[in-house]
Amino acid sequence: MTTLRLIGVGGLLAYRALFNWTTPAMYVGTLLAGPTFQLLFFAYLGRQLGVADDGFFILGNAVLAASSACVFGGTMAVANERRYGTLGHVLLSPRSRTVIFWGRVLPYAGNGLLIAAFTLLMGTLMLGLRIPPAALPGIALALAAGSLACGFFGLTLGALGLRFRDVWVVSNVSAALLLLLTGVNVPRENLPPWMADIGQFLPITHAAEAARLLAAGHGLASAAPALGTELLVGAGYALLAAVLLRVFEAESRRRASLETR
Amino acid sequence: MDSEYAIEAEGLRRVYRTRTGWIRPRRETVEAVRGVDLTVRRGELFGLLGPNGAGKTTTIKMLNTLLIPTAGTARIRGFDVVRETREVRRRIGYVFGGDRGLYDRLSALDNLRYFAELYAVPAREQRHRIAELLELVGLTGRERERVEGYSRGMRQRLHIARGLLHRPEVLFLDEPSIGVDPVAARELRRTVADLAANGTTVLLTTHYMAEADELCDRIAVIADGRIQALGTPAQLRRRADGRRVVEVEAYGVPATALTALRDLPGVRETALEERGALQLLTVQSDAGVDVQGDVLRELAGVRLGRVNSREPTLEDAYVAIVNAA
Amino acid sequence: MSAVRTLGIGTLMHAKHLSRSSFEIALALIIPLVQATLAVYLFRAGDEPHRLLEAAVGAGLMGVWSSVLFGSGGAIQNQRWQGTLEMIMLAPRRPVLVVLPITAATALTGTYALLATLLWGRLIYGIRLDFAHPLRFLAAALACVAGLGMFGLLLASTFVLIRNANALANPLDYPIWLLSGMLVPISVLPSWTAPIAAVLPTTWGARALREATSGGPVWPSIGICLAISTACLILGAFLLTSFERRARAAGTLALS
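Chains as they are written, first to last, in UniProt numbering: chain S, 1 to 261; chain B, 1 to 325; chain V, 1 to 256.
Since the hints were derived computationally from the structure, they do not count as laboratory data. Accuracy of the hints is not assured; some may be wrong.
[As the list claims (entries may be wrong)] Examples of chain B residues lying across from chain V (beta carbon under 8 Å, computed):
| id | residue |
| --- | --- |
| 1 | Glu84 |
| 2 | Arg86 |
| 3 | Tyr94 |
| 4 | Arg100 |
| 5 | Tyr103 |
| 6 | Leu109 |
| 7 | Arg113 |
| 8 | Tyr208 |
Where is the CB? At the ideal position from N, CA and C, for every residue including glycine.
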């Protein structure tokens, strides 16, 4: 029970303290308008070049919309601790770090879900896409799975921040790579096989696939495998983040590199 | 347009308005400077002393055109700081303490080249002037290194070189020795004294009393946004004339004892300064009254170190002035 | 003459300062390469597989715009954080002479993206760099840098005058890419966007580059791009002067 509390309350507090985008202007600009513009950009580009229909881009980019909040949020969850010089104090806590840091991902993932849903709404309204109402619960599930997986992916990047100074380069480039490799904007069959293969191991890929299946009217049953894979990918990053955090913590105590500032 | 004064200020006031909060913004106004009058002669080295938040930096920034006064006027070499900014800026240099304000990823040389250009140093003279200043501040030989690798003292010296590029007639030095080691601080004082000796007007703010005492022709003590005292160091010291100072090293002086000390007959000022575990208690009294015995009686039960009775210094005068404000 | 010298040296120094930030460089080089790759596969997947050179040029120009948007938009705020804003504003110069080099430098360093995408296209995808008008391409690229630098000044002065404008401008990369037709001119956009596109210097810069790449008159587009940019520069200079005065009145030149 107390562990749950640590995940929930501790995560929320850390979210407010460490998330750099909580002013309304920043939130609206970066997290709401940004993904919508991105969606429109690719949808119109797709129309112009005749790559795929609107639905392909709308669903893909809606799922991807969660990524900026989650990837950067997850990175901030760890990296800003170091920037503010509070990391040492957190690590001094007798509680399990794994639980502490996993807890931090939840608010970011929740936020990502909200943004993804908003982007989907804007996309469908502005470009006039009809989604069968029966598909909505399933799509919500897909957006949530994508957000969660992205959050743990971000946490993994944040863990790298304990070891490498330029973690923001890593997260910026990772966010751009998600754009390319997850098949959100380029149909996967048009990517070189090795790129598509990397995409299999990234968050978003399978969630976008599930969302597209659902929106096309296939039932939850046909989208279930993709949804499951997305969750599996997320769990994989959660584990990887935990391992990296543990390794880098041990290493930084040995090399006294925790507080580099 | 030629004034015998380098700096003239009349009734300078400055109010800051701040806005905090998002949903329900809270507006506050703070009056940082509440009417400052001062004149500084050409070639004079003038000190502005005061506790943190007294209004020193605000005063300097009104004089050097960075802030527009809320009320009052100021002129530099006869030019109005609000209306004739370009004329004023041609004639002034500004150096502040701390390690910000430089382009870290550029070398010292590039920083100086850039600012020489901005500060309108004629192209023909730039190379010579920069070399001369690097020599003056002792950075020759390291000028091609990036500033990010510089120590605080080196940055401070680079700040000074930058402030002098265009041979300003009036130089504003805002706590230039903050965070500088003692040896570097001494060199800094020598540089400043040389500048003044060669005719540059210098307005200096500092926390270090000895620095002000050694350098300044005249000193203004500013507290609470107003000038509380103004005169030569000797004149200010005389404020503490007829006084005697007892210094006591102590550990854990209770607040009640401090209040009791203040009420002793003959006691004029008390000050308590933390020095690590140790506290330094300073008690100023009328010279005619020997309070040492009374002081020690009040401190009965407190662990004490060295006890010393001495003549007042400029610092004691300063404490008296600031406490009276 | 001395003003030109000041602009030149200032731009050079700021470009040097920007170029030495590993963060800026990594982003300026890597992200456009990802975008270029994306563009190549999109073009191949679509109806235009033969226009890969345009994709590489377009992705590069997108990088230039990102550099200007984030660099110039935040130019004054960045100087404030570094503590250099007061020192440069103290110069006995017009504010525009002090700030234009900063925004010009962001356009100049943005060309790293253009060079990178062209090189990338050549090396990885074997895109032949056979421009229809090589010299005019160079002229168009220079016009883009100059034009975007001047446009950047307008951004810098606007963003600093409007509270939170910087935050709201964060997502402006995609709309400008889209409206200016940087990757491809989008004929399928709603018609109300056409007038907006027509007044953006980026539209004409992108058009000049495309004409030089695939054939077209080039010079008229360069001329319109520079004319609009000059108007932006003049407007920006007025705004800056007003900013300087307001900042001195409000005491916001320093960080604290």
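Against the structure, the hints come out as follows:
Annotation: Glu84 (chain B) was flagged as interfacial toward chain V, and the flag is violated, the nearest CB pair being 11 Å apart, outside 8 Å. For Arg86 (chain B), the interface hint holds, the least distance from its beta-carbon to any beta-carbon of chain V being 5 Å, beneath 8 Å. A least Cβ separation of about 6 Å between Tyr94 (chain B) and chain V falls short of the 8 Å threshold, and the interface hint therefore holds. Given the 8 Å rule on beta carbons, the hint for Arg100 (chain B) holds: about 3 Å separates it from the nearest Cβ of chain V.
Look at Tyr103 (chain B): its Cβ gets to within about 5 Å of chain V, closer than 8 Å, so that hint holds up. Annotation: Leu109 (chain B) was flagged as interfacial toward chain V, and the flag is violated, the nearest CB pair being 11 Å apart, outside 8 Å. Here the hint on Arg113 (chain B) is kept, as its CB sits about 7 Å from the closest CB of chain V, short of 8 Å. At a threshold of 8 Å, the smallest CB-CB gap from Tyr208 (chain B) to chain V is about 22 Å, leaving the interface hint violated.
The structure is inconsistent with the numbered hints 1, 6, 8, although it conforms to all the rest.
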